[in-house]
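Colleague: These are the residues of each chain, in order.
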Amino acid sequence: MAVEGRRWGDERRKAADEMAAARRAVHTLGDAALLDAMAADDPWAWDEFVGRFRALCIAHGRPPGASRSEWSAAVDDVLADEAIRLTTAGAKRPRNLGTYLVRAAVNRFNMTRRTDALRERLRESIVDGQAVEQIVRGVCSQYSLESSAGPRGDGESEPGGIDDPDTALRKVARRIAGELTPEQRAHVEWLAREIPQRVIAEWLGIEYEAAAKRGTRLCAGLRRRALALIDSLPPEERRQIARGFVITGDAAAPKRRRGRNDERT
Amino acid sequence: MNERDDVRHGPLDGDADPLADPFTRAIVRLVGDEVLRDPEGLVWRDERFVRWLAKEARAGDRVEARRSDVERLARGRALMRRAQAQRVGVLVRERAGAPADHPGERRAPRFDLGVAAGAGRELWDQAPDGWMEVPDELPEGDYLSLRVAGTSMTPVLHDGDTILLKRGSEVRPESVIVARHPEDGYVCKKVQRVTRRKIELASLEPGRPLIVIPHDTTLILGTVVMVWCAHR
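Protein sequence lines, in the order shown, are assigned to chains X and L. Per the working numbering, residue 1441 is the first one in the first sequence, and the count goes up by one each step. Per the working numbering, residue 2 is the first one in the second sequence, and the count goes up by one each step.
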């Protein structure tokens, strides 16, 4: 009995090892090779496709106003449909698969939203209650209409209220982003993602020290420009930003909770 | 953008970490967010960067990290199955159980194919077991719902799945049809080849023999367009 138990354990271990090896093998494939393995009906390759691209789409494609559940559903649909399409014989394959899938998910989401909105408008135009809705709106205050509208989707809060310090700062950031050259935009993005300097140097095709210096100058320039733009904002927006940051001289620190002995600048 | 030294903020220090300052770090992050926000933007054309983003996102995905090898293999197989179904023109819908009877506008009678199969029996000899709602996404036409008996069409159709047939005698290669075999009763198979005199039908499960029936339109019940499946 003990011998049989050991044999059973060995077999299970062997099966688990084989599974892990099969999974590791597809993990190292490039995107084109991965699609080839999927076309050859390797189930590990199909799973790798989802594992490789789902998190990217979820994290970096979500359009403004999309709830997490809506976006997640759109991404899952697109990944399944594109996996099927890209493995069909003769299908044209994109060069940059990750970017292609993010864009496809955004387009799918926007199309679904447009279709749903059109369907809703058509439905409302048919339903007789439209006249009643107009009468109700006419006698209610804006506040009562908004507060009776109920919570949004999956409980996410409305973006950028008047007191959200990020709103004013985001406007500044948006303006700065529009002023950058394409090379500067790419470099800022790499810094924002905390990509190591040696990798940035490799991508730029320059020495480490040169890349580090370029990064420092770029960040200093962004800071100067941000401060100049903040100076030109209306007082209310400057106050919003000041609530989030205490900027003194060269240093800027996130706002701490005020204690008895704290001094404000 | 002017990158010269600014008196107010002191000289540049090339050795300092540019992101050590929290305000600068916040600005860099926000500008980075704005740059990344548009998937049509130029930064998305950099393959190296997109691969980096994908790797970083995957590493941060705790749900994905907790998935076992068994779950991953099942997910891969489920997606593959959907692909195989689409290649033969069948839409797959996954449900926890059999579709509920619904007295909507578009309905299809439901029969248990396992019960109806057998030499000499006509499908219409028995009353339907119920009614199925025909989804809006399907075009107009006559539909019929059957329960699958047998495993010859795995992985697309499993024993116990409910399929929706569009009635009609049209036969296209690579589609899945339900036809009446003169000896075996009703069979659900993929159309392999169509000639003037005969139709060759194949199973999706490997190792099964071809079935040949006369090319007679009265023998064709319809084409499978959808399957509701409780399997994962």
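It should be emphasised that the hints constitute simulated quantities derived from the structure, not laboratory data. Don't take each hint at face value.
What the hints assert, rightly or not - List of simulated lysine-lysine pairs, BS3-like, C-alpha gap at most 30 Å: (1) X:Lys1653 / X:Lys1611; (2) X:Lys1653 / L:Lys56; (3) X:Lys1532 / L:Lys56; (4) L:Lys199 / L:Lys167; (5) L:Lys167 / X:Lys1454.
Colleague: Which earlier hints turn out false for this structure, listed by number in ascending order?
Modeller: Of the numbered hints given earlier, the structure breaks just one, which is hint 5.
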